[in-house]
Amino acid sequence: MTARVGLVVNPTAGKGRGTTAGREAHARLRTLGLDVADLSAPTLAQATDRARAAAVAGLDAVVVVGGDGIVHLGANVVAGTDVPLGIVAAGTGNDIARTLGLPRADVAASVEAIGRALRGTPRRVDAVRVGPPGTSAREWYVGVLSCGLDAAVNARANGYTWPRGESRYVRALLAEVGRYRPFGYRVTYDGQVWESGSPVVAVANCGWFGGGVRIAPDARVDDGLLDVVVAGPLARPGVLRVLPSVYRGTHLAHPAVQVLRARSVRVEPVAALGAPPPPAFADGERVGPLPLQLDVVPGALRVLA
351 MTARVGLVVN PTAGKGRGTT AGREAHARLR TLGLDVADLS APTLAQATDR
401 ARAAAVAGLD AVVVVGGDGI VHLGANVVAG TDVPLGIVAA GTGNDIARTL
451 GLPRADVAAS VEAIGRALRG TPRRVDAVRV GPPGTSAREW YVGVLSCGLD
501 AAVNARANGY TWPRGESRYV RALLAEVGRY RPFGYRVTYD GQVWESGSPV
551 VAVANCGWFG GGVRIAPDAR VDDGLLDVVV AGPLARPGVL RVLPSVYRGT
601 HLAHPAVQVL RARSVRVEPV AALGAPPPPA FADGERVGPL PLQLDVVPGA
651 LRVLA
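Note that the sequence shown covers residues 351 to 655 in my numbering.
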């Protein structure tokens, strides 16, 4: 019986190369003898709805083409189900594909890996459920959630129309560092509490975010634990000293930086300790303001890897 695969493409991924990558992926998947249903839509919200409806109707896999944002969409369609997720990494960051050891910016190799996994056994990895405490509203993420300086940079850059490309993030980083004062946090992790004024709280299921930044070098996507990276107290001079080391993954050696490991995490703002933290982003997508409750679900996502 022919396997039926739903395909979702982010046309804006990879600086506009997503459409081309999507066409190639579609053709190569059909060459494998798969029945491919294109579920792409003008917006990611519409694509999510189409993919969910198709998954309920019966799919053997969902394949996404793009960066971490489209993987985030795919996870929110299939996490907690038996439908596996295939990834054709065609974005600018591709941190989740990097974590899973999948090909990046190589459609042919990505589709070949998907074909092999469909013939074998998909890999089970952890996913994280996140939402406001005391409510049933939850969404999934796979990589890293952050509600610190990098999230403020992301939000600011998304509001810029100039310059184009990655230069927007450089402009946003300079602006946010220039106005920085510590954010006030309380982190409750498996019943323990950490509080401080800090530039960042990052709750990591994967080691990388931001296009190769090693925020949590020891994080594992299948160990049933979250690596919560915190740093504080740190004023602006300390942030300027630590920031370059984050890109190399050597920031954990700084005495103000800690990694808290837990299965359940709550992050709350504390006005007495600093400025209001920015809204959180996960897998590069906006999740919303604090407080947030996060719980890792071991093996919640089946990946064609």
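What the hints contain is simulated information worked out from the structure, not anything from laboratory work.
We put the beta carbon where it would ideally sit given N, CA and C, even for glycine.
Heads up, some of the hints might be wrong.
[Unchecked claim] Per label pair, the in silico range of CB-to-CB distance:
no.: 1; residue 1: G470; residue 2: T431; range: 13 to 23 Å
no.: 2; residue 1: Y510; residue 2: G574; range: 32 to 42 Å
no.: 3; residue 1: G451; residue 2: T362; range: 19 to 29 Å
no.: 4; residue 1: T370; residue 2: Y597; range: 24 to 34 Å
no.: 5; residue 1: P639; residue 2: T352; range: 42 to 52 Å
no.: 6; residue 1: G408; residue 2: A458; range: 21 to 31 Å
no.: 7; residue 1: Y597; residue 2: A391; range: 32 to 42 Å
Here is what the structure says about each hint:
no.: 1; hint: G470 to T431: 13 to 23 Å; in the structure: holds (19 Å)
no.: 2; hint: Y510 to G574: 32 to 42 Å; in the structure: holds (39 Å)
no.: 3; hint: G451 to T362: 19 to 29 Å; in the structure: holds (26 Å)
no.: 4; hint: T370 to Y597: 24 to 34 Å; in the structure: holds (30 Å)
no.: 5; hint: P639 to T352: 42 to 52 Å; in the structure: holds (46 Å)
no.: 6; hint: G408 to A458: 21 to 31 Å; in the structure: holds (28 Å)
no.: 7; hint: Y597 to A391: 32 to 42 Å; in the structure: holds (35 Å)
Figure legend: structure checked against the earlier numbered hints; every hint is met.
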